[in-house]
Amino acid sequence: MSLSSRRTARRLAADAGLLVVAVAFLLPLAWVVLSAIDPHAGLRVKAPDGVTLEHFDAILTDEITFTPLLNSLLQCGGATALTVVCAALAAYPLSRYRSRLNRPFLLTILFATSLPITAIMVPVYALFVRVNLIDTAHGTIFFFAASQLPFAIWLMKNFMDGVPKELEEAAWTDGASPLQSLARIVLPLMGPGVAVVTVFSFVMMWGNFFVPFMLLLSPDLMPASVSINDFFGNRGMVAYGQLAAFSLVYSTPVILLYVLVSRRLGAGFALGGAVKG
Amino acid sequence: MTAAPHTGPDLAKTPGPPAGSPPPAGRRTLRRFLPRFLPLAPALALLLVFLAGPIAYCVLIAFTDLQLTGQAQESFVGLDNFRRAFRDDAFLNAVWLTLVFTVVSALVGQNTLGLALAALTQRASKPVRTLTGGVVVTAWVLPEVVAGFLLYAFFRREGTLNAVLELLHLPSQNWLFTLPILAVSFANVWRGTAFSMLVYSAALNEIPKEITEAAEVDGASGWRRMWHVTLPMIRRSIGTTLMLNTLQTLSVFGLIWVMTRGGPGGKSQTLPLFMYEQAFQNSLIGYGTAVALLLLLVGSLFSLLYLRLLRTEV
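These protein sequence lines are chains A and B, in that order. To get my numbering, take the position in the first sequence, counting from 1, and add 88. To get my numbering, take the position in the second sequence, counting from 1, and add 159.
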């Protein structure tokens, strides 16, 4: 066989292999899309018996969808804002000044990025009960921000290292303080980096189940990641069509954010986002 | 906030005090150091109060008999919680299941499938590559609980997997009942493979074309090229991916909670679920925390290994 026909054969084999995997990965995804519009949705993938929007109609109420989504938005949005501001402030001295403490600090931060946060949720719960932060939105926001900070600082510092210091020099000669130069020169120049940190933090918190599950108790504070379980517990028989419709509504924002950012930034974002899975 | 008006940030060419020289007068360094590093304060405060605090508290109450309800004062019980754990069959069962879950889903599943997908992607045609990448990454971006529901539906007795098996005339069974740990492991592979795939794709793209082509001209077969040329060149990525997959898998809670609640009869109860059950269903916060501390120690060990692998890059 010649080299080129061997390559064609190899490409076909690779295509076939990938398609098998793609179909296997697609089946569970197909279920959620098809069940959401199927009037007789069950547990398996099948061609819908017709197209209906009744499941969406049923779930798009304040109690089932809008309040939980608003809670998600407030809690994750607030925590993301806090994370990004703190991370940008923290990254500036780490990126711009030299100190013997930088390396140990950064190593500690990197170490903290990969700690299993799940493991400390029981003591966090006990602690929050003691200091009256349990079942409060701000308590959850603080904890979300703290748990996301190590990775946000790490990412932000690496992006900031990419902005040449020479660009700030003009501002210093004009008498700008470091904070002014951070806000007016460095951050605008690393816009894509800030976008990555923001979107990544938000996506991680939006999908997080365990933290709000542990720290919140009142139903009217619950974000969508926890309230989705009500489809099983409290409403008697499971309405799979509604569950699928709700899953779609709840997942769409993060998928859109991911697509938006990865389109603009390419694989770099994918990898940046990847490190914590 | 203009604390240090005329000390602009150091340029790369003005390094700090060279190592080995005596440190300059402590006070002056401090006066220069403090305003410069003041912006670290908010982040540091959050990290100390909400991350380091709970970890310290974790260490503290792991040695007490703290309970959820009706207890005036908890008392220090030394190593009792740990002794109890190692005599507790349910704990040992959870350790074993965590091991199975981690090895099957993280070390073997996500890692091998991710590498295979990345290698195939290199050779495949563009539409197939885009489609597969899109589907696999979508599974990864979905919220954890949604992924749990999708795979719950997939593995249920009346779910899609059995439908496919019937179509192929293979025996079907109630997967979540007979082999729950395998079902949740596959769920974790479904959800987590994208990460390995993305890392390996990036690593493979960095291998210079000339090297693989030279091996091809020399007549090395596909497998031998993979084994002798490609794998040694991406061994650093393999190390970090294995570490991060393991760490992510050790802290999976929502996925298993939604699919099986750790059941039936503890047959898919990994350590995070065991810890939760002890602390909240059995109200034994002290005992649950001791288990959490063990999990944290294992996690820290892997974290340190990961840092060592990255050492040259920091």
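Derived by calculation from the structure, the hints in this document are not laboratory data. Glycine is no exception: its CB is placed at the ideal position from the N, C-alpha and C atoms. Heads up, some of the hints might be wrong.
[Claimed, not checked] One side only, chain B facing chain A, incomplete, derived with CB under 8 angstroms: (1) G237; (2) D239; (3) F241; (4) L290; (5) L301; (6) L409; (7) Q440; (8) S442; (9) L443; (10) L460; (11) S462; (12) L466.
[As the list claims (entries may be wrong)] In silico negatives: residues of chain B with every beta carbon more than 12 angstroms from chain A: (13) W255; (14) L272; (15) T291; (16) L403.
Hint check results:
| no. | hint | in the structure |
| --- | --- | --- |
| 1 | G237 | violated, 18 angstroms |
| 2 | D239 | violated, 17 angstroms |
| 3 | F241 | violated, 15 angstroms |
| 4 | L290 | holds, 6 angstroms |
| 5 | L301 | holds, 5 angstroms |
| 6 | L409 | holds, 5 angstroms |
| 7 | Q440 | violated, 12 angstroms |
| 8 | S442 | violated, 12 angstroms |
| 9 | L443 | violated, 10 angstroms |
| 10 | L460 | violated, 11 angstroms |
| 11 | S462 | holds, 5 angstroms |
| 12 | L466 | holds, 6 angstroms |
| 13 | W255 | holds, 18 angstroms |
| 14 | L272 | violated, 7 angstroms |
| 15 | T291 | violated, 4 angstroms |
| 16 | L403 | violated, 6 angstroms |
The earlier numbered hints that this structure contradicts are 1, 2, 3, 7, 8, 9, 10, 14, 15, 16.
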